[in-house]
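Student: Quick mapping for you: the protein sequence lines, in order, are chains A, V and H.
Numbering that gives the first Met the number 0 puts the first residue of the first sequence at 0, with every later residue one more than the last.
Numbering that gives the first Met the number 0 puts the first residue of the second sequence at 0, with every later residue one more than the last.
Numbering that gives the first Met the number 0 puts the first residue of the third sequence at 0, with every later residue one more than the last.
Don't read these hints as lab results, they were simulated from the structure.
Glycine residues also receive a C-beta, built at the ideal position from the N, C-alpha and C atoms.
Be aware that one or more of the hints could be misleading.
[Said to hold, decoys possible] So the derived label-pair ranges between C-beta atoms look like this:
id : chain 1 : residue 1 : chain 2 : residue 2 : range
1  : V       : L285      : A       : V108      : 52 to 58 Å
2  : A       : N68       : V       : F140      : 22 to 28 Å
3  : A       : V108      : V       : V122      : 34 to 40 Å
4  : V       : W167      : H       : R433      : 48 to 54 Å
5  : V       : L285      : A       : G175      : 28 to 34 Å
6  : V       : R39       : H       : H148      : 37 to 43 Å
7  : H       : T178      : A       : V108      : 33 to 39 Å
8  : A       : L188      : V       : V122      : 41 to 47 Å
[As the list claims (entries may be wrong)] Just a sample of chain H residues kept apart from chain A, beta carbon distances all over 10 Å, derived:
id : residue
9  : E85
10 : A118
11 : R191
12 : T422
13 : D553
14 : L587
15 : G591
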Amino acid sequence: MAPVAYFVRRFLFFLGTLWAAVTLNFLIPRLQPGDPAEAIVSRLAGQSESIDPAQVQAIRVMLGTPDGNLFDQYVQYLGAVLHGDFGISYTYFPYSVTHMIGQALPWTVILVGVTQIISFVVGTLLGTWAAYRRNSRVDSVITLGSTFLGTLPFFWLALLLVYVFAITLRWFPERGGYGGGSSPGWNWLFISDAFQHSVLPAVALLITGPIGWIIGMRNNMVQSLGEDHTRLAVARGLPRRRVAITYGARIAILPNVTGFAIALGGILGGTVLVETVFNYPGMGRLLLESVSSRDYPLMQAIFLFTTIGVLVANFLADLLYGFLDPRVRKVESV
Amino acid sequence: MSTPAPAVPAPGADTEGVQAAATAVARGTRLPGWFVILWRNRKCRIGILMLAAFVLVAVFAPLIAPYDPRDDAFPTSLGPTADHWLGTTAQGEDVFSQLVVGARTSLVVGLAAGVLSTLIGLVVGLTAGFVGGWVDEVLSFLINLGLVVPALPLMVTLAAYAPVRGLWLIIIVISVTGWAYGARIKRSQIITLRTRDYITAARFAGDRTARIIAREIVPNMTSLIVVGFMGAALGAIGGEAGLAFLGLGDPLTVSWGTMLNQASLGGAMLTGQWAWLIAPGLALSLLITSFTLINFGIDALSNPHLRED
Amino acid sequence: MALLEVDHLSVTYTPRDQPANRAVHDVSFHISEGEFVGLLGESGCGKSTLGNAVLRLLSPPARITGGRVTFDGVDLTTADEEKLRELRWVDLSTVFQSSMNSLNPVIRVHAQFADTFAAHKVPGDVTERATELLELVALDRRVLRAYPHELSGGMKQRVALALALALRPKLVLLDEPTTGLDVVVQRGILTRLAELRRELGFAVLFISHDLGTVLEMADRVMVMYGGEIVEDRRAADMLREPRHPYSRGLLGSYADPRLPDVRVSYIPGRPPDLSRPHTGCLFAARCPHVEDACRTTHPDLLPDRHGLVRCLVAQSDRLPVVTLGSADAATTLGSHFPATGTLDRPADAAEAAPVLTVTGVSKRYTTRRGLRTSSVEAVRDVSFALRPGVVTALVGQSGSGKSTLARIVTAVERPTSGEVRFTGDDGTDVRVDRLRGAALRDYRRHVQMVFQDPFSALNPTRTVAYALSRPLANFAGLRGAAARERAAQLLESVGLAPAGQFLDKLPHQLSGGQRQRVVTARALAPDPRVLIADEPISMLDVSIRAEILELLGDLVRDRRLAMLYITHDLLSARLLADEVLVLNQGVLVERGPTREVIGAARDEYTRLLLDSIPNPFAKAAAG
């Protein structure tokens with residue numbers, strides 16, 4: 000009994016959001032009055048004395064022919080996006096935007112991907128434990144602890160880590176992805192160097208990362224443990240652990256799974272703050288750099304990449320959900 | 000975002016029950032019922048008192064702050080002294096004065112963006128949930144789109160294109176990116192409520208749709224709206240701090256985010272000015288704590304499963 | 000020794016913000032092996048709490064505050080978790096009230112059987128054993144592969160019953176096992192339960208609000224009121240001579256609708272508030288035989304004529320003698336309680352010109368599921384007319400299309416074909432199926448509705464005065480003091496007097512019956528010509544149902560209203576209606592004057608509905 004209707008619906012939603020994101024990306028720079036290219040060029044001109052012709056060229060390429068009407072520009076833009084052509088970055092001229100993203104992507108994917116997975120696993124387990132031992136000391140420690148940590152602003156926590164462990168204690172390097180002595184490649188020096196550089200950002204991400212999963216899992220599970228079917232499972236003499244897992248956690252984890260997929264998708268863009276604090280050479284810092292240097296083609300491409308990443312992850316989460324929760328599937332009479 | 004998802008009642012939470020209890024409690028006092036109920040909860044009461052303290056500081060900021068927060072006539076990069084309790088910045092401004100005035104920014108952004116995104120969420124959620132049909136399909140699509148588009152990159156991108164960098168821009172950017180969550184919850188709650196017989200009864204009593212929504216449905220969603228506002232305000236305060244820390248805030252406004260940005264850039268860590276580094280973050284943290292404590296109380300009320308914790 | 004012994008058990012709810020509530024107070028009883036015991040009581044009397052306490056499934060804020068539960072020699076109240084787990088389901092199993100939620104929604108039925116067998120290390124092939132169990136409850140083995148949401152409510156409840164019997168327990172606790180299910184489905188499940196019990200010989204504690212069903216099924220009946228057991232007696236004795244006035248009142252609310260003269264009594268008033276201290280008998284305020292001592296002395300549950308009763312009057316033998324077991328039992332019982340019988344209607348009523356005519360109405364729903372569309376005909380070619388002063392009952396089980404018809408008549412929905420006409424007093428003629436906008440609002444002035452669930456029909460945040468003021472403002476232009484005065488009159492006309500006590504109350508401060516009266520008053524506010532009553536008594540306690548029926552009957556007579564009374568319950572139709580329409584799968588299968596249709600049903604479906612009504616007196620008469 001394939002839940003075809005459900006999957007078709009989710010796929011249509013995916014296509015719709017994809018189109019909307021691409022269009023949003025097209026519209027944002029054009030929301031300004033007048034010729035957007037002119038507006039951007041004149042703003043750049045106002046900021047720096049000399050304006051690089053390459054920058055003007057890059058903006059023209061990004062925004063399409065100014066004399067063409069909006070629809071022609073839109074068609075042209077869609078064509079470029081389909082070919083993966085996002086133009087030339089003018090801060091890193093002559094590198095293409097795609098090249099720059101390719102450079103930054105692995106840093107973010109590894110750092111944030113690993114910490115997200117650890118956060119999810121740890122958070123879900125702790126949340127399950129807290130709900131299982133509801134109202135016990137364990138529950139209070141987990142709940143209050145995560146609530147307290149959750150009130151700390153993330154980037155401030157990261158700053159304090161740098162202050163204490165990098166600057167005062169000098170245990171870890173303070174900034175960057177790797178030291179000056181090594182160069183990226185498959186060699187031990189680089190890998191150990193990169194690992195050392197990633198410890199503090201990873202710790203920052205791991206302190207706050209599990210909180211959302213803990214609270215979500217605990218509340219969902221407290222709820223599912225209160226349901227009639229759980230009470231009946233207890234009455235049926237099922238072992239307590241079995242009740243907690245199959246009847247409590249099995250249902251409580253469903254919303255978290257969806258959340259996790261979206262969080263994985265959010266890796267691409269959700270790390271602006273941590274990468275800024277640690278000056279880590281990933282996508283977030285690239286986005287911020289492109290913003291401060293007004294590298295519009297690069298910025299647009301990163302935003303689009305990020306959004307598409309989240310949409311794909313969201314779609315995959317929907318598919319997974321369709322398999323995990325039979326209730327969303329088509330009702331079939333027996 | 001830098002803060003975890005706020006405690007928001009699950010869709011289908013017993014908002015009617017909360018409201019009925021609140022209406023009953025409110026009789027005989029002049030205070031709104033939901034406030035009386037929250038005040039009875041200890042955690043919530045602490046949160047309300049903390050928030051009230053922040054509001055007082057923000058309102059009387061010019062009286063409390065010893066100096067003009069932008070006055071850079073003092074010695075630079077001082078540690079805490081008797082004249083400058085939290086030291087001075089690398090430009091020679093008084094950190095304590097900035098801290099006091101920064102409370103204003105955070106609360107103004109929280110209030111304005113909270114109200115704005117709650118309003119957007121309310122209008123979209125109410126319309127989608129009550130009208131149904133293709134209107135619901137279109138609005139639900141917008142809501143889901145708003146939920147999946149990553150907020151911070153969108154904020155950064157929007158802020159980058161904006162011709163001016165005022166506080167209002169920040170507020171609008173935060174509201175535009177942050178309304179969807181509340182809208183979704185309100186939509187599902189209204190779908191539950193609109194099938195109630197008392198809604199049909201109001202139609203039979205000759206009431207018009209606008210009146211039914213305003214007088215029959217919205218009063219039963221008050222707790223949801225309050226929690227939604229709290230969550231949105233919390234998100235907005237965090238969002239403003241984050242944007243300002245990234246250097247994308249209003250350069251003319253003193254806020255805790257810009258203070259941390261300047262502390263980071265101005266070498267507070269290298270000069271060992273821990274007070275400059277810790278104070279804004281701690282203030283932000285305490286403000287977030289006050290919201291979290293209040294939300295605890297509301298959540299415990301409206302979620303019967305958590306009520307007896 | 001008895002299988003289950005409950006000694007002086009008390010359960011108290013201590014919610015955070017509210018006063019503590021003694022839900023179960025000093026309850027003692029026992030159940031022997033193989034015995035079928037009914038535990039009877041109305042909503043809020045503590046019967047489900049008692050059931051959960053016996054199973055040790057209470058969750059905060061409820062907890063056992065005194066007494067003991069002993070099962071097969073094991074003290075359940077102090078047993079450790081592992082001991083309890085070994086005993087659960089092997090010896091003591093249960094079926095919950097809400098069939099909707101008692102199965103795990105994300106695993107297949109097969110897995111829920113497998114879990115149960117694994118927990119108790121039952122050897123053998125799961126599929127084979129589960130299939131046998133499903134056969135016991137007349138379900139196909141394909142159900143094993145299904146997820147709970149793929150099953151109907153009746154099927155889920157059968158699965159729950161099969162699960163309960165999986166390990167051949169000694170005692171099965173059934174908590175309202177068929178409430179919320181269709182009457183015909185209910186009947187099927189109960190019949191199967193009785194057969195299984197004869198075959199397998201397990202004991203049953205059957206918790207229900209439905210005295211008719213309990214008396215029909217049980218060997219012995221315990222009646223609970225206000226957290227206490229007030230009577231404990233063999234079912235046959237209970238039918239012959241109930242000894243507690245409350246039991247008598249409850250029995251009085253049953254009757255055989257096929258009899259020539261049907262009378263049903265009700266118990267005025269409402270149950271006691273258990274969060275307040277009480278002296279004296281908890282039932283005193285509602286009792287027709289109350290004496291001075293009853294208000295000061297709390298009676299004990301004492302032996303009385305082969306049973307136990309908690310009533311000072313009965314214990315001192317001053318209770319009027321009522322001998323039941325005869326066909327006119329209800330009539331005799333009703334003599335002590337207020338009662339309502341079949342109503343006399345002016346003879347000319349049937350000839351009056353109709354106010355509302357439904358002609359050849361059909362309604363087809365098209366649903367789109369993924370890429371396929373399917374359509375269901377909810378109502379097919381239905382015609383009838385409503386006349387002033389006449390109650391027309393529309394009878395059918397759930398899914399028969401009766402609610403669809405109600406929505407069409409009230410112009411909430413439009414028929415696919417056919418027409419609905421309304422004729423006003425001034426001779427105006429309106430095509431109801433084409434109304435929109437202002438004309439629709441104007442039509443609603445004349446056609447009003449009494450809803451099924453009095454807890455959902457009033458906005459929890461609005462006072463009674465507000466609820467009544469809306470139709471008065473919109474249809475009569477009354478505001479302020481004038482509206483309040485009119486609202487007070489309306490309340491008194493539905494028996495809520497003095498009105499001043501009720502105007503400023505919020506719904507949760509009223510009992511179910513009082514709410515339903517407010518709902519009725521609101522429906523009367525625009526002075527309508529037609530009243531649609533959609534199952535108005537099905538959510539109310541049995542003891543007050545007749546009271547609301549009487550009110551509706553009086554209103555029809557006094558105001559010459561035309562009423563469409565929608566119900567699945569032929570007894571209430573018999574009491575209230577002048578004519579009956581029987582609806583089966585969207586088609587009218589039988590119609591005519593009430594007495595003819597019910598007394599001599601011709602259609603098979605009508606007879607099925609009649610047979611599904613629990614009738615304890617038939618058993619008494621037969622036995």
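Student: Determine for every hint whether it applies to the structure shown.
Tutor: Hints and how they fare:
1. One distance hint, 52 to 58 Å for the beta-carbon pair L285/V and V108/A, is violated here, with the actual separation near 35 Å.
2. Between N68/A and F140/V the beta carbons are some 27 Å apart, a value that agrees with the proposed interval 22 to 28 Å.
3. For the pair V108/A and V122/V, the beta carbons lie near 39 Å from each other, so the given range of 34 to 40 Å is met.
4. One distance hint, 48 to 54 Å for the beta-carbon pair W167/V and R433/H, holds here, with the actual separation near 51 Å.
5. Checked against the hint of 28 to 34 Å, the C-beta distance between L285/V and G175/A comes to roughly 33 Å, which is consistent with it.
6. For the pair R39/V and H148/H, the supplied restraint of 37 to 43 Å holds, since their beta-carbon distance comes to about 40 Å.
7. Between T178/H and V108/A the CB atoms are about 55 Å apart, so this pair departs from the stated range of 33 to 39 Å.
8. For the hinted restraint 41 to 47 Å between L188/A and V122/V, the CB-CB distance of approximately 58 Å leaves it violated.
9. Not every Cβ of chain A is farther than 10 Å from the Cβ of E85/H; the closest lies at roughly 7 Å, contradicting the non-interface assignment.
10. Separation of A118/H from chain A is inadequate, the least Cβ-Cβ distance of about 5 Å not exceeding the 10 Å criterion.
11. Every Cβ of chain A is farther than 10 Å from the Cβ of R191/H; the closest lies at roughly 18 Å, confirming the non-interface assignment.
12. Residue-level check passed: T422/H sits 43 Å from the nearest beta carbon of chain A, beyond 10 Å.
13. Interface exclusion of D553/H from chain A stands, the closest Cβ pair being 41 Å apart, more than 10 Å.
14. A cut-off of 10 Å between C-beta atoms confirms that L587/H is not in contact with chain A; the least separation is 27 Å.
15. The Cβ of G591/H sits about 35 Å from the closest Cβ of chain A, beyond the 10 Å cut-off, so the non-interface label holds.
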